[in-house]
Structure formats: structure tokens, C-alpha cells
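Novice: Residue-level listing of the chains:
Protein chains: 2
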Amino acid sequence: MTALLPPSNRALDVLCIGNAIVDVLAHTDDSFLDDHAMVKGSMQITDPDRARTIYAAMPSAVEMSGGSAANTAAGLASLGISAAFIGKVAEDDLGDVFAHDIRAAGVAFHGFAASGTDAAAGTARCLICVTPDAQRTMNTSLGVAGQLTSEDVDLALVPTARVVYLEGYLWDEPAAKSALRNVMGWAAEAGTRVAFSLSDGFCVDRHRSEFLEIVEHHVDILFANEDEICSLYEVSDFDEAARRVAGHCAIACLTRGEAGSVIISSSGERFDIPVVAADLVDTTGAGDLYAAGFLSGWVSGADLETSGRIASIVAAEAISHMGARPQTNLTTLVKGAL
Amino acid sequence: MTALLPPSNRALDVLCIGNAIVDVLAHTDDSFLDDHAMVKGSMQITDPDRARTIYAAMPSAVEMSGGSAANTAAGLASLGISAAFIGKVAEDDLGDVFAHDIRAAGVAFHGFAASGTDAAAGTARCLICVTPDAQRTMNTSLGVAGQLTSEDVDLALVPTARVVYLEGYLWDEPAAKSALRNVMGWAAEAGTRVAFSLSDGFCVDRHRSEFLEIVEHHVDILFANEDEICSLYEVSDFDEAARRVAGHCAIACLTRGEAGSVIISSSGERFDIPVVAADLVDTTGAGDLYAAGFLSGWVSGADLETSGRIASIVAAEAISHMGARPQTNLTTLVKGAL
Chain U
1 MTALLPPSNR
11 ALDVLCIGNA
21 IVDVLAHTDD
31 SFLDDHAMVK
41 GSMQITDPDR
51 ARTIYAAMPS
61 AVEMSGGSAA
71 NTAAGLASLG
81 ISAAFIGKVA
91 EDDLGDVFAH
101 DIRAAGVAFH
111 GFAASGTDAA
121 AGTARCLICV
131 TPDAQRTMNT
141 SLGVAGQLTS
151 EDVDLALVPT
161 ARVVYLEGYL
171 WDEPAAKSAL
181 RNVMGWAAEA
191 GTRVAFSLSD
201 GFCVDRHRSE
211 FLEIVEHHVD
221 ILFANEDEIC
231 SLYEVSDFDE
241 AARRVAGHCA
251 IACLTRGEAG
261 SVIISSSGER
271 FDIPVVAADL
281 VDTTGAGDLY
291 AAGFLSGWVS
301 GADLETSGRI
311 ASIVAAEAIS
321 HMGARPQTNL
331 TTLVKGAL
Chain Z
1 MTALLPPSNR
11 ALDVLCIGNA
21 IVDVLAHTDD
31 SFLDDHAMVK
41 GSMQITDPDR
51 ARTIYAAMPS
61 AVEMSGGSAA
71 NTAAGLASLG
81 ISAAFIGKVA
91 EDDLGDVFAH
101 DIRAAGVAFH
111 GFAASGTDAA
121 AGTARCLICV
131 TPDAQRTMNT
141 SLGVAGQLTS
151 EDVDLALVPT
161 ARVVYLEGYL
171 WDEPAAKSAL
181 RNVMGWAAEA
191 GTRVAFSLSD
201 GFCVDRHRSE
211 FLEIVEHHVD
221 ILFANEDEIC
231 SLYEVSDFDE
241 AARRVAGHCA
251 IACLTRGEAG
261 SVIISSSGER
271 FDIPVVAADL
281 VDTTGAGDLY
291 AAGFLSGWVS
301 GADLETSGRI
311 ASIVAAEAIS
321 HMGARPQTNL
331 TTLVKGAL
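Sequence order for the protein chains is U and Z. Position one of the first sequence corresponds to residue 1 (this note's numbering), numbered consecutively onward. Position one of the second sequence corresponds to residue 1 (this note's numbering), numbered consecutively onward.
One thing to keep in mind: the hints can contain errors.
[To be verified] Restraint ranges, calculated between C-beta atoms of paired labels, are given here:
id, chain 1, residue 1, chain 2, residue 2, range
1, Z, N329, U, A278, 50 to 60 Å
2, Z, D30, U, A188, 46 to 56 Å
3, Z, A56, U, H217, 38 to 48 Å
4, U, A188, Z, A56, 32 to 42 Å
5, U, R103, Z, H217, 44 to 54 Å
6, U, G336, Z, N329, 48 to 58 Å
7, Z, A37, U, D272, 14 to 24 Å
8, Z, G116, U, L280, 45 to 55 Å
9, U, D133, Z, A56, 33 to 43 Å
10, U, G336, Z, T332, 54 to 64 Å
11, Z, D30, U, A278, 21 to 31 Å
Just so you know, the hints here were simulated from the structure itself, not pulled from any lab data. From the three backbone atoms N, C-alpha and C, an ideal C-beta is built for every residue, glycine too.
Put together the whole structure using the sequences plus the hints.
Specialist: Take a look at the structure:
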């Protein structure tokens, strides 16, 4: 099998689709997670009542735009890659914040601003507890982001993009899931490559059989961390999971925290990419920005190993500050560090 | 004249009254200030249309609770001093953020959540441009904060406090001004000390004659930077301004940026306080936290010089990160640094 290449001559490099979320970040200790029955490192969907309880107990916080695929889109734009984002916000303060920040990052925002009664649920917010080990634990109150439907997803954008990037979190929302099935259908038709993130170990648990089908039949480039890929194949050995995924999609980018990452292609290549040293402050967005870094290299024609090295450089920036969005120009950063 | 002392045996150490604001902070270059006719280092009241224009042009931002007197209250609480805050927010996302953060900081929040048509103006937001020299330039859209009236200010709190702390910014709002006149009257009656911040050079320009009358007849402890105190007395020489203010209020704390600060008492003392070294990131809140540091010492019985040294330690923390609110426990910080 020859190496997968992205199509050329498209208006857009990467079309990202995901939950449009504003993050609310605070430092907490580990006992705060225990007191509120949170599993460290995970993302839990949280109903509005529970979200209110958690927020009331949280220390002073800062608000920053987030959302997994949206963070990837912002990273891509900072890397000079043309990116668009589809997600749903309400016409409220946090909706303004999200729309402002993603546009300011240079991303074309095709978010549907729900209004009237549809907007009652409000813009999604994610309450993020950052523990002293810099690990982030997330509680998402989905609001209108959880109401993404086929109507909100302009399929005509798919053939204009070289790659569509979808977050696994969207599988928690039945209407969004069917919209993304349509996107994958159009992508196959148009030769647009499909990139997919497994998002979260619990998310994989909830949707394993569907994710297995998607990875096997629709995904060209898979992003997952060790926990997620092992969960997908229900194995405890990372190398076994890596072998399995190599038979299923053209490229798999598997992150392993401090142990770096592994990039595997279906043509038999394997590259072990070391991490880039950084002051570890907050891991929020590390995986999202890793994906941005990899895709930026890959759509620009870099080989898999170089793309992986760019991913590591970009992920190191993400973990060196609070919040998921880049706080420096990533193009300049990568140029200096590569 | 004997040194002024705060009254003892009160439920509350410091009652702060000011605009309840959420800050929207972004890094910009100097040309951004020029393009939008901003004066570096100043605070401008901005109508909603202009605020929208500025925000649309600003880079990706972060949102954090702010407000001058509110920042001081949060600093006081972090220093173990009992503090309350009066200010006005709307029942919207940013109002939630403000109320959450000030309560989470340990401050009793007596904010009036405006609802119905009164809330249409929304919670105040301050668009803050942080330039590469770490200077902050502020554009405030006052929203409901600008509608603070006597009804919102519970005068019964005044005799329960040892000190009331008022921000000069409130003089831009006629109804708030009359509420604060009442506060000063009750404070005089109850022996509650009145601390006052001149807030901003342009603010002093707008209200010079009133500020002179207030400083001369109602203020016990004045906080001002060099620019503001020189503007108040319309002199260009700092020492001349310092001499003038010494005849007008019991204690004046005058900050001079990198040159440190000067504390002057009406009994003839003068202490020159050096700055505490810090990585300069963002000066937002430096003056507010300086005031928190000084008052924390003074209400605890420290002498003026020690109170000034605490102020410098706390101000150094404020300028070492984006945003005005403390990001570390100030009690621990001061204990280690004093």
C-alpha cells in the first residue's frame, strides 16, 4: 500500500467539526476530584444541576475558549493551515466569547448561533479542574452544543476541504452522530480524508462497536492516546493495540504522555516520536494541539516522522500554560524548534 | 498628630465598593492602541458600539473577573483579611462568572443582580489590551455596573466595617457618586476609616474639584499613582504633589511603577518602599493589589513601612501573570517574602 496523501487544490485544508465549548479552568487539589466523584483525566458529561454544584464549589476560575476539535482548528490556523470549524453556540456571553476567539484565531466559523427557545440551554461550558500534577479533569455541560444536527452541518463544505477532522465526543449526541455519518459519506465521495479523534477512554467505552466500525471503514487518520486505543481493542498491551489499528486505518497517531508518541501506517511504517521538554502547567488541549501539529505537517507534504515531531513541539506549547488554545505563534515556534 | 489607627471590634475588616467587571484580556501590539485611538495605560469608558468594534478587532482573549475595588477585596481575602464587596452585575453568563469568582475568593458579595429590563445592559466588561511592555490599556463597557444607586448600597454595612475602600472610577456615575457620599457620611459617624483610590489620571481630570474636596475632608487613606497625584494637584513635580497630599489626609500611598512607592503620613513620616522584583507579564491589577497589601498590614497593626513592604510583595505577584486576581495564596507568599 502506498502512503496516503491528502488531495490537493482545495479551498480549505482542514474542516473541523466538534462541540463549541468555553472552558472554565481552576486549580484544585486531588481531594476536590474525590469529593465530587470525578475520575482524574476524564471528561464527564454533566447535567446542568450537577454543573452548578461543581461550579459553586470550584475556586476562582478563568474562562477561555475550548472544545477539542475547535482547539485543533485554532492550532492549525496558528500553524498557517487554512481551517474551518463547525459547532453550535447560543447567543449569550459565552457564545460571543467562543465565536470571537475562534475567528480571532483565523478560523472560518460556521457555528450556528441558536436563538429563541433553542438557545435556552446556553453555550456549552466545560468545568476543568487542573490538579497539581497538571492533569485536567473535565465536566462538560453541553448546552446547545449537544443539539448539533444535520441542519447545522453544511455538507457542501466537505468537498472543499482536503481533510475533515471529527471528535469522538460528538458520538454522545445522537443527532450529531447522524450528521457526521453524512459527512463521512460525502468525504468518501469527494476524496476528502477523514481524521478522527477517539477523544476519551470513557467515550470509547460508550461507543466501542461504532468506533471500531468507523475506524475500520471510514477513518484515514486516527488520533488516540494509549488509554483510548487500548480501550478500543480491549487489550492491556499498547503494542498489541498498535498492531491492531495498523490494519484498520492508513495512519494512526498514538500518544503516550511523557513516553512520547507512536505513528503507525498501514504500509508497515512505525515512528517513535519523543516528547519535547516543557514546563508542565496544564495538560488541557495537549491532544488537540498534537493533532493540529501532525495535520499541519502532513497536509504540507511532510513525512510522517516530521509531522510527528511538529506535533510534539506544538503539544509542548499547549501543556506549558493554562488553557488549550495556543498562546504563541505556532508557525514561528515550529520554525525555531524543528 | 498621632498616627491614625483603624477601629477594632468590627465584624468586617474592609468593605470595598466599586464596579463589578469581568476583564477580557488579550495581547496586542502598540499599533493596535493607535489604530483604536487608545491612550496607553489609561481606562476609557466605552459605549457598547465602540466596545463591539474593539472586541471584534482584538485577538483571542481570556476572561477573568476584575474591577478595581473587587480585585482589592479578593487580594484582602487571600491575605486573611475579612472583606466584603458591593457592586452590580446582571443575571447573565459574565454576572455568574463575577459572582462565582469573588465568592470563591472568600469575599462576602453584596452585589445586586439586576434582572428583567434593568439587566439589558448586561454585566460590565473591560477590554484590556496588554502590550509587549506589559502595560495594560482598558476599555470599559459599564453595563449594569454603571447603574449602581443608593438602593444597591446597604449603608448598614458601613458601621460593621473598620475600613471602607472606594474606587474613584465610581465618580463617572452620578447615582453611584451620591451613594458613596452617603457611605462617607456614615463612615464619619461610625468612625469607619475611608480609603480611596484615584483610579486613573483621566478620571482625576474629569473630577478634580470633587476629588480635591473628598481627599481634603473625607479620605483617611489615599491610594494614587504618580500620574494621578500630580494630576490632582496640577503639578509636574512628584515631591510637590506628595507634600500637598500630606496636609490633606492621614495616610497617602503613592506608587511610582518601577521606582517603588512612597508612603506619607500627615504626622510627617515618609517611607520610600522599593519594588519587589518580578517577571513583568501584565500590570493589570497592580495598583489594586498594592492597596490590598497595604491595608492588610495596616488593619493588622503593622507600621506604615511594613504595610508598604507587604504592598510591594503583593503587587509583584499581580504583575507576574495575566489578569488582576491573585493566582497564589498571598498569605503564604507574604509570610515567605517579608
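Novice: At the C-beta level, are Z:A56 and U:H217 separated by a distance inside 38 to 48 Å?
Specialist: Once the Cβ atoms are compared, 43 Å apart, the range 38 to 48 Å for U:H217 and Z:A56 holds.
Novice: Is 45 to 55 Å respected by the C-beta to C-beta distance linking Z:G116 and U:L280?
Specialist: 47 Å, holds
Novice: Using the C-beta atoms of Z:D30 and U:A188, is the stated range 46 to 56 Å upheld?
Specialist: 50 Å, holds
Novice: Determine whether the Cβ-Cβ distance between Z:D30 and U:A278 falls within the hinted range of 21 to 31 Å.
Specialist: At 29 Å between Cβs, range holds.
Novice: I want to verify a distance hint. Is the separation of the beta carbons of U:A188 and Z:A56 within 32 to 42 Å?
Specialist: 38 Å, holds
Novice: Is it true that the C-beta distance of U:G336 to Z:N329 lies inside 48 to 58 Å, as the hint says?
Specialist: 36 Å, violated
Novice: With 44 to 54 Å as the target window, see if U:R103 and Z:H217 comply at their CB atoms.
Specialist: 51 Å, holds
Novice: Is it true that the C-beta distance of Z:A37 to U:D272 lies inside 14 to 24 Å, as the hint says?
Specialist: Since Z:A37 and U:D272 have Cβ atoms about 54 Å apart, the given range 14 to 24 Å is violated.
Novice: The hint says 50 to 60 Å between Z:N329 and U:A278; measuring C-beta to C-beta, is that right?
Specialist: 25 Å, violated
Novice: Does the Cβ distance between U:D133 and Z:A56 fall inside 33 to 43 Å?
Specialist: About 39 Å separates the Cβ atoms of U:D133 and Z:A56, which means 33 to 43 Å holds.
Novice: Taking 54 to 64 Å as the stated bounds, is the beta-carbon spacing between U:G336 and Z:T332 within them?
Specialist: 37 Å, violated
Comparing the model with each numbered hint stated earlier shows that hints 1, 6, 7 and 10 do not hold.
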